[in-house]
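Hey, can you work out the whole structure from these sequences and the hints?
2 protein chains.
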Amino acid sequence: MVKSVTAFAPATVANVSCGFDILGFAIDELGDKVTVSLTDTPGLKMVRIEGDGGRLPYEVDKNTCSVAIQAMLDKLFFDKGMEISLYKGLPLGSGMGSSAASAAAALVAANALLGNPFEKKDLIPFAIESERIACGAAHADNVAPSLLGGFVLIRDYTPLDVVKLPVPKGLFCTLLHPHLELNTADSRSVLRKQISLKDATIQSGNIAGLIAGLFQGDLALISRSLKDVIAEPSRALLIPGFYELREAIKAAGALGSGISGSGPTVFILSPGKEIAQKVGQISKQVFEKIGLGVDVYISEVNDKGAYVVE
Amino acid sequence: MVKSVTAFAPATVANVSCGFDILGFAIDELGDKVTVSLTDTPGLKMVRIEGDGGRLPYEVDKNTCSVAIQAMLDKLFFDKGMEISLYKGLPLGSGMGSSAASAAAALVAANALLGNPFEKKDLIPFAIESERIACGAAHADNVAPSLLGGFVLIRDYTPLDVVKLPVPKGLFCTLLHPHLELNTADSRSVLRKQISLKDATIQSGNIAGLIAGLFQGDLALISRSLKDVIAEPSRALLIPGFYELREAIKAAGALGSGISGSGPTVFILSPGKEIAQKVGQISKQVFEKIGLGVDVYISEVNDKGAYVVE
Chain A
1 MVKSVTAFAP
11 ATVANVSCGF
21 DILGFAIDEL
31 GDKVTVSLTD
41 TPGLKMVRIE
51 GDGGRLPYEV
61 DKNTCSVAIQ
71 AMLDKLFFDK
81 GMEISLYKGL
91 PLGSGMGSSA
101 ASAAAALVAA
111 NALLGNPFEK
121 KDLIPFAIES
131 ERIACGAAHA
141 DNVAPSLLGG
151 FVLIRDYTPL
161 DVVKLPVPKG
171 LFCTLLHPHL
181 ELNTADSRSV
191 LRKQISLKDA
201 TIQSGNIAGL
211 IAGLFQGDLA
221 LISRSLKDVI
231 AEPSRALLIP
241 GFYELREAIK
251 AAGALGSGIS
261 GSGPTVFILS
271 PGKEIAQKVG
281 QISKQVFEKI
291 GLGVDVYISE
301 VNDKGAYVVE
Chain B
1 MVKSVTAFAP
11 ATVANVSCGF
21 DILGFAIDEL
31 GDKVTVSLTD
41 TPGLKMVRIE
51 GDGGRLPYEV
61 DKNTCSVAIQ
71 AMLDKLFFDK
81 GMEISLYKGL
91 PLGSGMGSSA
101 ASAAAALVAA
111 NALLGNPFEK
121 KDLIPFAIES
131 ERIACGAAHA
141 DNVAPSLLGG
151 FVLIRDYTPL
161 DVVKLPVPKG
171 LFCTLLHPHL
181 ELNTADSRSV
191 LRKQISLKDA
201 TIQSGNIAGL
211 IAGLFQGDLA
221 LISRSLKDVI
231 AEPSRALLIP
241 GFYELREAIK
251 AAGALGSGIS
261 GSGPTVFILS
271 PGKEIAQKVG
281 QISKQVFEKI
291 GLGVDVYISE
301 VNDKGAYVVE
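Sequence lines, in order, name chains A and B. Reminder that position 9 of the first sequence reads as 9 in the UniProt record's numbering, one-by-one numbering, no gaps. Reminder that position 300 of the second sequence reads as 300 in the UniProt record's numbering, one-by-one numbering, no gaps.
Fair warning: there could be bad hints in the mix.
For chains that are exact copies, the list does not tell them apart, and a pair is met inside one copy or across any two.
In silico lysine to any residue, SDA-like type, Cα no more than 25 Å apart, as pairs [as the list claims (entries may be wrong)]: (1) K304 <-> D218; (2) K198 <-> A138; (3) K75 <-> N116; (4) K304 <-> S4; (5) K227 <-> T158; (6) K193 <-> A137; (7) K121 <-> F78; (8) K193 <-> V229; (9) K304 <-> Q216; (10) K121 <-> D218; (11) K198 <-> L182; (12) K198 <-> L237; (13) K62 <-> L92; (14) K227 <-> P159; (15) K62 <-> A138; (16) K278 <-> V167; (17) K164 <-> T201; (18) K164 <-> K198; (19) K278 <-> H179; (20) K88 <-> A112; (21) K198 <-> S187; (22) K164 <-> P271.
FYI, nobody ran anything at the bench for these hints, they're computed from the structure.
Below you can see the structure in the form of structure tokens.
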């Protein structure tokens, strides 16, 4: 029997513009690794956390890795123990699905260690449990794409209804992480509680267009549909240079941009690597001009999701 | 040169549940016919209207047929005239896209008469002009599916962005036209002007699921997605038996139901003709119990749209 498994889970972009609270997609390479080992001592134990600057908890009822695995084990008969090591590749609180990637990697590793009693899709509810701990809300728009890869629609939660969507060939994402702190609670509190009927209808048209564009591989339709009239008008105010950046990247051939999760990270979708790199450069200049440093990541949209490394 | 062309355009269901104001689909058989003939006397003339019970206007600036054709002719050099005959197959004010079918048939006939200078899709703006006359609002969710057939998404109006969606095989529609009058203005006025953020998000998830279901041919997903939390809760109150009907048809295997346009017609989507017929019978019983007569039409979803008959 395998005694130790390491899995990788990718960063994700949730709230994809008009897909506010229902859509997410996964990024290549950037992500977290988790190693899970079997022990004879019952119970879970966080034995190592690296790359978090000492900010993440070792308590098993507080760390997203152990919370997710415990939710899974509660569905099985399991009388041994597991030791968990987390290697953060993702910055915390950046809006790139950091806690979700940890949970997804932990679940895929633990599931493999037990001989894969669950399909990947069936791991989503366990990862949602860990999001409740990490973010205070049991949302799935990061954990589902981190596990499954590609674009994932969360149609409903009661019961959970998750739909994997196709990824058009050559779709690249540029992620911009400006060096500013944004409190998720603040980012939530700026949202309007009431939406006009007109805005709700516009949002419906755009999310419908985005889904159709993904299925048809119609990048122009995707570009026209990447408009969020619900969350973005409030949240963009928290990110200096947001609209100036949009003008610049669209002029350079990008399909569109939006806030990743609740920010401050901004995502840009582009038709191909070359434009994705070019808009990365342009973005640096835009943020530099307003005196803001920025990390830039460029990646194809990842259709694979979390996977076992060794 | 052909001197006379007759075209048929089908009935349509707009506001397809969660597709409020952005989605419509076309029905087979049930619809309007329009004959357009060339004359040497310049100008348009409505020469005959049948099947309307004398309710439709002969004035060329008020009839949807002539208004639509005039909008088309304004884009061309045309120094002759046309005589227009309208044969209504659709009841007026029923919520089945009656005015839209007249305009669509008129445009397809006139376009053919001129040697098809326009593609069908390019006729939509002219038909929208006629809807402005007929309904007081320049909406496209009836005219677009009546012209193009199938499910059609109206993503935006400025500029017009119309996306034809695939129709899953074997998808049938049962249309129920209860014998009650519903004023479109009333039906509009009951709508809430403000929507909660939560409801807007639920609606987004459902329209996204419906579009994905249409592309994947996933009837179960279509069924789960046919939920309207925005318009239906208000409008259903104007249609006695609406929710009782839904329970009954879902128990009989239908995918779901909703209000066609602004009502009072109700549409039911079913996987196959047999269930579509069965739920037609059940619907009659439900409406009879509350003392309401009902006309029942059963049809495959029409993927062809308006076409030249002779």
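Hint check results:
1. K304 <-> D218: both (21 Å within a copy, 22 Å between copies)
2. K198 <-> A138: So K198 and A138 pass the 25 Å test across copies only (15 Å; inside, 29 Å).
3. K75 <-> N116: within (13 Å within a copy, 65 Å between copies)
4. K304 <-> S4: Within one copy only: 22 Å inside a chain, 58 Å across chains, cut-off 25 Å.
5. K227 <-> T158: Between copies, since 14 Å is at most 25 Å while 27 Å is not.
6. K193 <-> A137: Classified as within: same-chain Cα gap 17 Å, cross-chain 29 Å, threshold 25 Å.
7. K121 <-> F78: within (21 Å within a copy, 61 Å between copies)
8. K193 <-> V229: For K193 and V229, both the intra-copy (13 Å) and inter-copy (16 Å) Cα distances are at most 25 Å.
9. K304 <-> Q216: Answer is both: 20 Å inside a copy and 20 Å across each meet the 25 Å cutoff.
10. K121 <-> D218: between (27 Å within a copy, 18 Å between copies)
11. K198 <-> L182: Result: close only across copies, 23 Å inter versus 30 Å intra.
12. K198 <-> L237: The answer is both: 22 Å in one copy and 22 Å across copies each meet 25 Å.
13. K62 <-> L92: within (15 Å within a copy, 63 Å between copies)
14. K227 <-> P159: between (28 Å within a copy, 14 Å between copies)
15. K62 <-> A138: within (15 Å within a copy, 55 Å between copies)
16. K278 <-> V167: within (22 Å within a copy, 39 Å between copies)
17. K164 <-> T201: both (24 Å within a copy, 18 Å between copies)
18. K164 <-> K198: between (29 Å within a copy, 23 Å between copies)
19. K278 <-> H179: within (20 Å within a copy, 62 Å between copies)
20. K88 <-> A112: within (20 Å within a copy, 65 Å between copies)
21. K198 <-> S187: both (23 Å within a copy, 16 Å between copies)
22. K164 <-> P271: Answer is both; intra-copy 21 Å and inter-copy 23 Å each pass.
Of the numbered hints listed earlier, not one is contradicted by the structure.
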